[in-house]
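Engineer: Work out the full structure: start from the sequences and follow the hints.
If you want the building blocks of each chain, they are given just below.
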Amino acid sequence: MARISTRLIPHVILVAFLLTLFALTGFAQTRMPQLKYTDRTLANGLRVLAAPDSSSPTVAIQVWYHVGSKDDPEKRSGFAHLFEHIMFKSTKNMKSEMMDRLTEDVGGFNNAFTNDDVTVYFEVVPSNYLETLIWAEADRLSGLNVDDANFKSERDVVKEEYRQGVLAPPYGRFFYMLQEKSFVDHPYKRPTIGSIEDLDAASLQDVQEFHSTYYRPDNATLVVVGDFDPKQLDVWIDKYFGPIPKPNRPLPRVKTKEPERKSETRFTEYGSNDLPAVGLTYLTPRQADPDSDVLRVADAILSAGESSRLYHSLIYTQQLAAEADSTSETREDASLFVLLAVLSAGKKSEDAEKSLLAEIKKLQDAPVSAAELEKAKNQIITDQLRQRETSNGKALALGEAAVLLGDPARVNTDLARLQAVTAADVQRVMKKYFTDANRMVLYYLPESAKQAKQMGEVRR
Amino acid sequence: MRIIHRLLALLALLVFAFGASAQTPQATPPPPATPHSGAFPKPAEQTLPNGLRVIVIERRESPLVSAQLLVKNGGEADPAELAGLADMTGSLLTKGTQSRDATKIAQEVESLGGSLNSGARWDSSYAQVSVMSTKIPQAMEILADVVRRPTFKSEEVERLRQQYLDNLTLALGDPGSIARFVAARVVFGESPYGHPLSGTTESLTRIAAADIAKMHSRYYRPDNAILVIGGDIAAKDGFALATKYFGDWSKPTAPLPSVDAAANNAAPKAGRVVVIDKPDAGQAAVYLARLGINRRDPDYFRGIVTNSVLSGYSGRLNQEIRIKRGLSYGAGSQLDARRDVGPFVASAQTKNESGAQVAELLLGEIARLSSSPPADAELTPRKAVLIGNFSRNLETVNGLVAQVATLALYGLSLDEINRYINNVQATTTADVQKFAGTRLDAKTSNIIIVGNARLFLPELQKKYPNVEVIPVSELDLNTALLRKKQQQ
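The listed protein sequences derive, respectively, from chains U and Y. In terms of this note's numbering, the first sequence has 361 at position 361, counting the first letter as 1, and numbering is strictly consecutive. Heads up: take any position in the second sequence, counting from 1, add 1000, and you land on this note's numbering.
By construction, these hints were calculated from the structure, which means they are not laboratory data. Please note that a few of the clues may not be correct.
As the list claims (entries may be wrong) - List time: in silico BS3-like cross-link candidates among lysine-lysine, alpha-carbon distance up to 30 Å:
(1) Y:1104 - U:75
(2) U:262 - U:348
(3) U:189 - U:354
(4) U:36 - U:239
(5) U:347 - Y:1484
(6) U:239 - U:92
(7) U:361 - Y:1104
(8) Y:1135 - Y:1236
(9) Y:1104 - U:347
(10) Y:1153 - Y:1244
(11) U:152 - Y:1324
(12) U:36 - U:181
(13) Y:1462 - Y:1443
(14) Y:1153 - U:347
(15) Y:1434 - Y:1324
(16) U:257 - U:246
(17) Y:1462 - Y:1324
(18) U:348 - Y:1104
(19) U:95 - U:189
(20) U:36 - Y:1135
(21) Y:1484 - U:450
(22) U:362 - Y:1104
(23) Y:1042 - U:36
(24) Y:1104 - U:354
(25) U:348 - U:257
(26) U:450 - U:348
(27) U:361 - U:347
(28) U:189 - U:36
(29) Y:1324 - U:92
(30) Y:1153 - U:348
(31) Y:1153 - Y:1042
(32) U:95 - Y:1434
(33) Y:1251 - Y:1236
As the structure is a prediction and not an experimental result, all values here were calculated from the model.
Structural biologist: And the structure:
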């Protein structure tokens, strides 16, 4: 929840997509359209993936920059995301908000999002505007031209985004701290949205440096899906992106390794929530690791739908929780498997923790049935089909495969990987990663519980 | 997105000024090419002998099918003391039938890779299933079972009641949710759209299993229902499935219950300024709310175009509040047209200190629609936004089904899908000015702010000495007064 920050409040479809963005899988027995695409790299290093589809007269354009909040400069947490907002201000040849004129005003839309590993800009427009948008994306890769007034006003917007995402919702700080407390060394310990203090410290100079460091053609992947003529597209890309030089300076990459967890860590925090929440995280391998597919299946078994194990146990049978969920939050360098529960009125956090642990133990002790495994795979496949109903959804899948999985072909081959997951695999990964030593536990309790506790301490 | 030829031809004429005066290919954007055309799918329909209206919309690109069974009454039919009854009734459909318990229903649907949702909205209740197209026969059988033969067992009623109470507790921790609840009470008072759709703490406690069964038998009948099937399915196959699973759903002899369309005409006094003081709020939710229009209003398209001038990323509200002043992550408005007159709401969340300023900006923009209506240069892009959103919404199977279901629910021609673009395009500057002046008058609007009142109340009181301040602990959503009665 706190890990992805977007330029605008995303609409529901986008939210649904983002929740499963890092969980691409394949397709079972039903007819599944293969995504046919071309893949080329310009001399300056820009990778171009293109998939023509003229079923509707629109086109989706995306630019994936391989830079995320893990690359935030020192004492500038939240910077990559703030920078994403700044990319909609004045660029080399565009005045502020011109990107909106080129998209929204002609019946299209634009947005962007930043997470720990990538920053992605996207537009969907009537297809006759494709050349215009290729020009515009090339222009903002070429350079920014932001003034201080624009910078400060947009920084205020991001601070409001922080308040709206972290401070206003009753569990905003809970999700924020779940990430913060899950990493010790790796910059993933800084949630993407950052902090007000660090945002206030950011300057226009930081903006220029960040652009010249990370916004370069050899750190970008352009994805175009929809209604276009491939030959014409190549001409436009060569014309507008081709002349952008590849810098000589090296691209900095995060080298920090998150150390293995040696023993359980536990935290108790207090907030304005009326119902307590409990979260557990386990450190899991990088996204490209083959175990990610198995963890995705385990996640579906635990929490996809009302027949899932967490729903059935914590919400339905025990009536212990108002919400119970799991997520395999994959990341490029190191991932988290998160389990959480928001308690039902009058129920104890300790009981929710016990029940979450009991569900983990069940998956460790016995293999899942063939029917339950098949159900989980079918759920994942249907989710993916819904994602790929639109050009923008297809482009997101293609970009993720190329940038985060290192191979665009995985947009089509992940089906086989998913189908290959067995009950024994699920049991194996549950035993391997879900150990006591690999666990972080966060209790998020109402402020009133703290007062009660303090009064008790005074009396003693 | 499927934008038809006429629209694109029109937009193509709007070649950007900067495009027309190009100096070098790099310094200015290249102009658009000739637009390509597309078309919307055409719905087919039949009415079964039992009165069930069946609509099928073919869209074969993705192997997905959605089917929605819509009952033509929802939260507006809740008795005053039983707010949340229609929603609980709808939610309980999937919690047990004569032949399946809740667990079995979830397992069967999810084994198909599908999802089954049910509940109530304003003006309708629904059960909707969405699956891969190869699984639609099994899914339709389950859909019919939950709609026709739910059992409403008391243990399921109790379980759901606790879930609703917990969800309400969660919502009451969020300034935006509180503001929406309060706005409905302020705008509609104690008439049917005034209560929270999912009930209040008190009403949820009162709802009995017998009330739920009565709600179901009164409204869930084939002659008060519509079945919409959309996606990767031939129309004839859709009709055959409908006949097979809903054809023997018998129509009761009792006449259909009538809907009191005039219930909202007794609107409460407008111009209230209500502050809900929540000292631990991390942000203030600022809402401007008033009566809007009903869905069959002849001004509907003028209304949605007017709203589009205000709302959306580059709409006037977001321009003034976010883009120019950095006061919010997003400001916008909704004109929620229902069977009876629905609400118009403009809103933004901002730091507590800016609560009063944002309220003034919201009001100012509503008033400015009349004093400074959008000329074509502003209006044309806002129409394009509306048309683009509409077209993209029809791009997914679920979006397509939802659009068609809404038209059917309000008795509008299904062909409105294909007239939408023309209707939007026909709206003029004068139409917007007139609509804003006569239907959205800022002076008869209400202001609601939920937040840490200490930080914005003094400024607000300067302009509105009549402001009502209610501590969140004393908030009562059961009455238009909004305040708990003093204990004797």
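Engineer: Holds or violated: residue 1324 of chain Y and residue 92 of chain U, Cα atoms, limit 30 Å.
Structural biologist: Roughly 21 Å between the alpha carbons, so the hint for residue 1324 of chain Y and residue 92 of chain U holds.
Engineer: Does residue 257 of chain U lie within 30 Å of residue 348 of chain U when you go C-alpha to C-alpha?
Structural biologist: This hinted pair is violated, its Cα atoms lying about 36 Å apart.
Engineer: Check the hint pairing residue 450 of chain U with residue 348 of chain U against an upper bound of 30 Å on the C-alpha distance.
Structural biologist: holds (15 Å)
Engineer: If you draw a straight line from the CA of residue 1462 of chain Y to the CA of residue 1443 of chain Y, is it 30 Å or shorter?
Structural biologist: holds (17 Å)
Engineer: Just to be careful, I want the Cα atoms of residue 152 of chain U and residue 1324 of chain Y compared with a cutoff of 30 Å; is the pair within it?
Structural biologist: holds (11 Å)
Engineer: Straight-line Cα separation of residue 361 of chain U and residue 1104 of chain Y no greater than 30 Å?
Structural biologist: Within the cut-off at roughly 24 Å; holds.
Engineer: Take a quick look at whether residue 239 of chain U and residue 92 of chain U sit within 30 Å of each other, Cα to Cα.
Structural biologist: holds (16 Å)
Engineer: Residue 1484 of chain Y and residue 450 of chain U were given as a pair; does the straight-line alpha-carbon distance stay at or below 30 Å?
Structural biologist: holds (28 Å)
Engineer: Compare the distance between the alpha carbons of residue 1251 of chain Y and residue 1236 of chain Y with 30 Å, and conclude whether the hinted pair is satisfied.
Structural biologist: Status holds; Cα separation ~24 Å.
Engineer: Would you check the hint for residue 36 of chain U and residue 1135 of chain Y, treating anything up to 30 Å between C-alpha atoms as holding?
Structural biologist: Cα-Cα ~26 Å, so holds.
Engineer: Is it true that the CA of residue 362 of chain U sits at most 30 Å from the CA of residue 1104 of chain Y?
Structural biologist: Since the Cα atoms of residue 362 of chain U and residue 1104 of chain Y sit roughly 21 Å apart, the hinted pair holds (cutoff 30 Å).
Engineer: Is the straight-line distance between the alpha-carbon of residue 1104 of chain Y and that of residue 354 of chain U 30 Å or less?
Structural biologist: holds (26 Å)
Of the numbered hints stated above, those contradicted by the structure are hints 1, 12, 19, 25, 28, 31, 32, listed in ascending order.
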